[in-house]
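Given next are the chains, with one letter for each unit.
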Amino acid sequence: MPKDNEKNSIKKIICRCEEITEEEIREAIREGYTTIKSIKRRTRAGMGLCQGRTCSTLIRDIIAEMTGDKKEDILPDSVRPPLYPVELSVLGKKVNKE
Amino acid sequence: MERMREVELLVIGAGPAGLGAAIEASRYGVKVLLVDDKDKPGGQLFKQIHKFFGSKEHLAGTRGFDIGLHLLKEADSQGVEISLQTKVLGTMDKDVISLLVKEREMKLLKAKRIVLATGGIEKALSFPGWNLPGVMSAGAAQTLINIERVLPGERILMVGSGNVGLIISYQLLQAGADVVGIVEAGSSITGYLVHAGKVMRAGVPIYTSHTIKEARGGKSVEEVVITALDRRWNPIKGIEKTFSADTVCISVGLNPNGQLASLAGCEFKFFPELGGFLPLHDDNMESTKKGIYIAGDLSGIEEANSALDEGRLAGISVAASLGYIDSNRFAKLKEDYWDRLNKLRGGPFGHKRSIAKKKILLSSQQKEMRYQEIDCIELEENTKLKNYKSIPSLKEFQEFPGYPSLSRIKKGAVACIECIQEIPCDPCVAACPFKAININPYITDLPYLDENKCKGCGVCIASCPGQAIFVLNYNYSSEKAAISFPYEYLPYPKIGGKAVGVNRKGEPVAEVKIVKVDKRANFDKTAVITIACDKKYINQIRSIERIKDDA
Amino acid sequence: MKRIKEHPILGKEEKRKKIKIVVNGKNIYAYKGETIAAALIANGYRDFRYTHRFNLPRGFFCGIGQCTDCSMIVNGVPNIRTCVTRVEEGMIIETQYGYGDKDGKNERS
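As given, the protein sequences belong to chains V, A and S, one line each in that order. At position 63 of the first sequence (counting the first as 1) the number is 62 in numbering that gives the first Met the number 0, and the numbers step up by one without a gap. At position 349 of the second sequence (counting the first as 1) the number is 348 in numbering that gives the first Met the number 0, and the numbers step up by one without a gap. At position 87 of the third sequence (counting the first as 1) the number is 86 in numbering that gives the first Met the number 0, and the numbers step up by one without a gap.
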């Protein structure tokens, strides 16, 4: 995780869950990560508890601005179940039963 | 091992779209299970305390929560089974849906058909300090004031002047907060002017071509900085304002909540007019995945009436596909719903959405080449939306067919309809006992006042969800004119007392005397206040300053 | 902040049962049926948790149990979304630091 410039970049967080700053997102894009999915893997933005529900459109805007890609071509990250956080014990219970 | 439950129709989301689908499908005999992740059904309806637009079949003029109650009653009488606190985690296997009930219990289920009515998600806007406590989505603030009855703060900045931002600003005022301003990045107000009119009369400034630059504070918001934007939406250096504020509400639109649809394998496309990526659907509301239907904000961000009608349409489509409705009957019902939906999407506000919806239908049929036809429709239709940066001048209002002529005003009490944008709404027509208000042929046409039929009785005032009707009585007395207007704040002014008369922008005009406070029951909580003022203010004063309850 | 006792559309505040909850060791009153977040905001609390990375305050944000910003430690369990969890008599609510895990003893780093 890039630590340089951290003091300034604290000012504008993009991913609230993982506390990833705008500067970190921009740095990843400059490094060549230009999809929502690859930025997530590079920076952890969108990997937190809300699963990118809040920040993915913000990241799309930054990608579009920096790369000139059309927003409609910047696809959302693929969705995987479970859609909501579930305690492992609850998941486990079911698997045992069935 | 217990046998897996199988339902005919699983409806996911119990907002207006989901309720509509469940009600209609049940009506024709489909066994429906309606699930919602919240502990109460109704989606966002129960926090909508304002009177809704629309026509009679949409219960226009009724407050959102009353529409919610009405729908729950309808669902109950149709025998819809509702499972609350039930989250859909996904599909475990082919056709098997996994549900999480009350966070503790997993259930597996099969469904012959699914209606996804998962609604919208409020868009975010990032700015330095948006992570501070006190910055929240406008919808969150609305839940606090109208459901929990707790103020999120006392001095609030609203970001975004769409209908949601305007309505929630108004509701924050009704709850007793101060709204220090509404900022709008665009160069004009994006919501309905009548909604803007309500907050402006209450003295809330709307800053167009402005955005929030920063929220500052230690443990929570203490002040906010807004900045002017140039035509390219870049901040103009030096044009900044700092407000003391404890709360910032973000209302910059919604995205369709497509996570489940995406998981189900529905094909998506990007429609910015409808909120972004959304699943394609045909004219039965069926997605590209057979047996999976969508409705409401998921199929494009609109409003509750369209969501409800799309839900009902999806419900009858499911019933027909399962053989509960014969094809002739279905064709007729379907036509009716499309007729209603097209009416709601009429007029300049609905125009872009209407075109986008047509594009969705065509893309779902893979008729890409017909895009050119759409472009033609786009050019042909001459419904250009007139944008306003602020409340227009009196002269502009006077050009519209709801504003009485000067000679009529001088003859005595007459309605003055300041509804100048073509929005889908018509309760004023039915309210008038003298048939003096007409809206035709389309519900989005402007109200026309037949000033000779109008007796100035004023029952139309409270019927108008936009609060855009006033009654002007030039001949109240030899010196004074009387002006009546809707008022939904506490405390009410006292009869015989004095108040500060304000104009359409909330600017003080003159001291006025309160002569009547009409709170009759069928006005449904909209009081009609009549003030007496100097005759020269008859075309200016439209409300009074809110009375501060210091007690 | 304050409770809305009277409202032009919603009328007078309904009579609800008062219950006691404990917030960071302090007894406060809440109403049965309301969410933890509402009870806290009504009692003037706004910073519900402090973040893991930058140790910055967070509070009520999305209001629909989606963003997890309003998470707190409730009856010893961290990451409880207070905007969708209703108060119960005697509930023990604590500010969450970081992930609120016991290893970190839920203390500021």
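Since the hints were made in silico from the structure, they are not lab data. Where is the CB? At the ideal position from N, CA and C, for every residue including glycine. Warning: the hint list may mix true and false statements.
Claimed, not checked - Which chain A residues face chain S? A few, computed with CB under 7 Å, are given here:
#: 1; residue: 78
#: 2; residue: 135
#: 3; residue: 148
#: 4; residue: 488
What the hints assert, rightly or not - Simulated DEER-style distance windows between Cβ atoms:
#: 5; chain 1: A; residue 1: 186; chain 2: S; residue 2: 12; range: 33 to 43 Å
#: 6; chain 1: S; residue 1: 15; chain 2: V; residue 2: 78; range: 34 to 44 Å
#: 7; chain 1: A; residue 1: 82; chain 2: V; residue 2: 70; range: 51 to 61 Å
#: 8; chain 1: V; residue 1: 86; chain 2: S; residue 2: 91; range: 45 to 55 Å
#: 9; chain 1: S; residue 1: 21; chain 2: A; residue 2: 509; range: 49 to 59 Å
#: 10; chain 1: V; residue 1: 69; chain 2: A; residue 2: 410; range: 57 to 67 Å
#: 11; chain 1: S; residue 1: 54; chain 2: A; residue 2: 222; range: 41 to 51 Å
#: 12; chain 1: A; residue 1: 222; chain 2: V; residue 2: 67; range: 32 to 42 Å
#: 13; chain 1: S; residue 1: 21; chain 2: A; residue 2: 80; range: 52 to 62 Å
#: 14; chain 1: A; residue 1: 241; chain 2: V; residue 2: 37; range: 38 to 48 Å
#: 15; chain 1: V; residue 1: 40; chain 2: A; residue 2: 222; range: 54 to 64 Å
#: 16; chain 1: V; residue 1: 29; chain 2: S; residue 2: 12; range: 53 to 63 Å
#: 17; chain 1: V; residue 1: 37; chain 2: A; residue 2: 389; range: 42 to 52 Å
Right, here's what the structure says about each hint:
1. Because the smallest distance between the Cβ of residue 78 of chain A and any Cβ of chain S comes to about 28 Å, over 7 Å, the interface hint for this residue is violated.
2. Restraint check, residue 135 of chain A versus chain S: the minimum CB separation of about 5 Å is within 7 Å; hint holds.
3. For residue 148 of chain A, the suggested interface contact is upheld, since its CB lies about 4 Å from the closest CB of chain S, less than 7 Å.
4. Hint on residue 488 of chain A holds. Least Cβ distance to chain S is approximately 6 Å, under the 7 Å limit.
5. For residue 186 of chain A paired with residue 12 of chain S, a C-beta distance near 42 Å keeps the hint of 33 to 43 Å intact.
6. About 39 Å separates the C-beta atoms of residue 15 of chain S and residue 78 of chain V, a value consistent with the hinted range of 34 to 44 Å.
7. Distance hint for residue 82 of chain A and residue 70 of chain V: a CB-CB separation of about 37 Å, inconsistent with the stated range 51 to 61 Å.
8. The supplied range of 45 to 55 Å is broken by residue 86 of chain V and residue 91 of chain S, whose beta-carbon atoms lie about 20 Å from each other.
9. The hinted range of 49 to 59 Å is satisfied by residue 21 of chain S and residue 509 of chain A, whose Cβ atoms lie roughly 55 Å apart.
10. For residue 69 of chain V and residue 410 of chain A, the Cβ-Cβ distance of about 59 Å falls inside the hinted range of 57 to 67 Å, so the restraint holds.
11. Range check, residue 54 of chain S to residue 222 of chain A: about 22 Å between beta-carbon atoms, so the 41 to 51 Å window is missed.
12. Distance hint for residue 222 of chain A and residue 67 of chain V: a CB-CB separation of about 36 Å, consistent with the stated range 32 to 42 Å.
13. Checked against the hint of 52 to 62 Å, the C-beta distance between residue 21 of chain S and residue 80 of chain A comes to roughly 39 Å, which is inconsistent with it.
14. Checked against the hint of 38 to 48 Å, the C-beta distance between residue 241 of chain A and residue 37 of chain V comes to roughly 39 Å, which is consistent with it.
15. As the Cβ distance of residue 40 of chain V to residue 222 of chain A is approximately 38 Å, the hint placing it in 54 to 64 Å is violated.
16. Range check, residue 29 of chain V to residue 12 of chain S: Cβ separation about 54 Å, and the 53 to 63 Å hint holds.
17. Checking the proposed 42 to 52 Å range against residue 37 of chain V and residue 389 of chain A shows it holds: the Cβ atoms sit about 45 Å from each other.
Going down the numbered hints, you'll see the structure goes against 1, 7, 8, 11, 13, 15, while the others check out.
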